[in-house]
Amino acid sequence: DQQVKQNSPSLSVQEGRISILNCDYTNSMFDYFLWYKKYPAEGPTFLISISSIKDKNEDGRFTVFLNKSAKHLSLHIVPSQPGDSAVYFCAASGDNYGQNFVFGPGTRLSVLP
Amino acid sequence: NAGVTQTPKFRVLKTGQSMTLLCAQDMNHEYMYWYRQDPGMGLRLIHYSVGEGTTAKGEVPDGYNVSRLKKQNFLLGLESAAPSQTSVYFCASSSLGRGNQPQHFGDGTRLSIL
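Chains A and B, in that order, give the protein sequences. For our numbering, count along the first sequence from 1 and bump the result up by 1119. For our numbering, count along the second sequence from 1 and bump the result up by 2.
Isolated chain A, as found in the complex (with noise of 0.2 Å):
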């Protein structure tokens, strides 16, 4: 059963607009959330990160929400570029996971021009 679902595998989203990433997990234990960025023959690159204690970061043209109680993050891209255009994983961790990451199956992005 996966702890962190990405149901979305894939998304498409005009040049300029707003897209909109969302991620649900299972595990009220989590404390941390990260979202990865990742292009074809290249690892995963991250992107940015949310504390539990949070509701809400940003940095630049992104930004990442998450909802406790619903158990559900949502990472907004705003304005979409060409360049956003890649495979994006949620990621969980907790104190009980120590070190370790949970990883959600990921979401490919197309911004088309």
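Honestly, the hints are just simulated from the structure, not real lab data. One thing to keep in mind: the hints can contain errors.
Said to hold, decoys possible - Chain B stretches covered by chain A per the calculated footprint, using a threshold of three residues with CB under 8 Å from any CB of chain A:
1. 41-51
2. 105-113
Claimed, not checked - Restricting the straight-line Cα-Cα distance to at most 27 Å, the calculated cross-link-like pairs of lysine-lysine (DSS-like) are:
3. A:Lys1124 with A:Lys1190
4. A:Lys1173 with A:Lys1190
5. A:Lys1124 with B:Lys59
6. B:Lys11 with B:Lys59
7. B:Lys73 with B:Lys11
8. B:Lys11 with A:Lys1156
9. A:Lys1156 with A:Lys1124
10. B:Lys59 with A:Lys1156
11. A:Lys1175 with A:Lys1190
Where a beta carbon is used, it is the ideal one built from N, C-alpha and C, also for glycine.
Since the structure of chain A is provided, determine the placement of chain B on it from the hints.
Same frame as chain A, but now just chain B:
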């Protein structure tokens, strides 16, 4: 700054053969990890290390062994390759073992077992 380097990038093996994947990091990180990524699934942790000379099992350790003889290197071994081990393997490292510390990934090794 190379970051995390994985060797080789591609490999094809026959069932029953053995091989070692090498991961090297130049960031002086204590923690290192091996993941595998399969279609439709997230990265799954195979083994990890919290420092030189230490290793521990992750979520899917069966069929793999690891060693961390030097701080900068983390080796993943397949003693007797099976088709189920066909996957893309990623190595990662991090400076601290806290949950909010991002991991730095290599570019992966694509391994096919025939």
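Results for each hint:
1. Look at the stretch 41-51 of chain B against chain A: 7 of its residues bring a Cβ nearer than 8 Å to a Cβ of that chain, three or more, so the hint holds.
2. Counting residues of the stretch 105-113 of chain B whose CB lies closer than 8 Å to any CB of chain A gives 6, so the stated coverage by that chain holds, three being the minimum.
3. Proximity of Lys1124 (chain A) to Lys1190 (chain A) is assessed by CA-CA distance (about 11 Å); at most 27 Å being required, the pair is judged to hold.
4. Taken as a hint, the Lys1173 (chain A) and Lys1190 (chain A) pair is honoured in the structure, with Cα atoms around 13 Å apart against an allowance of 27 Å.
5. Only pairs whose Cα atoms come within 27 Å are accepted, and Lys1124 (chain A) paired with Lys59 (chain B) is accepted, the gap being roughly 23 Å.
6. Note on Lys11 (chain B) and Lys59 (chain B): the hinted pairing holds, with a Cα-Cα distance of about 24 Å set against a maximum of 27 Å.
7. Restraint check: the Cα-Cα separation between Lys73 (chain B) and Lys11 (chain B) comes to about 22 Å, which is no more than 27 Å; the hinted pair holds.
8. Note on Lys11 (chain B) and Lys1156 (chain A): the hinted pairing holds, with a Cα-Cα distance of about 20 Å set against a maximum of 27 Å.
9. Only pairs whose Cα atoms come within 27 Å are accepted, and Lys1156 (chain A) paired with Lys1124 (chain A) is accepted, the gap being roughly 16 Å.
10. Of the pairs offered as hints, the one joining Lys59 (chain B) and Lys1156 (chain A) holds, with about 26 Å between alpha carbons and a cut-off of 27 Å not exceeded.
11. Restraint check for Lys1175 (chain A) and Lys1190 (chain A): the C-alpha separation of about 14 Å stays at or below 27 Å, so the hint holds.
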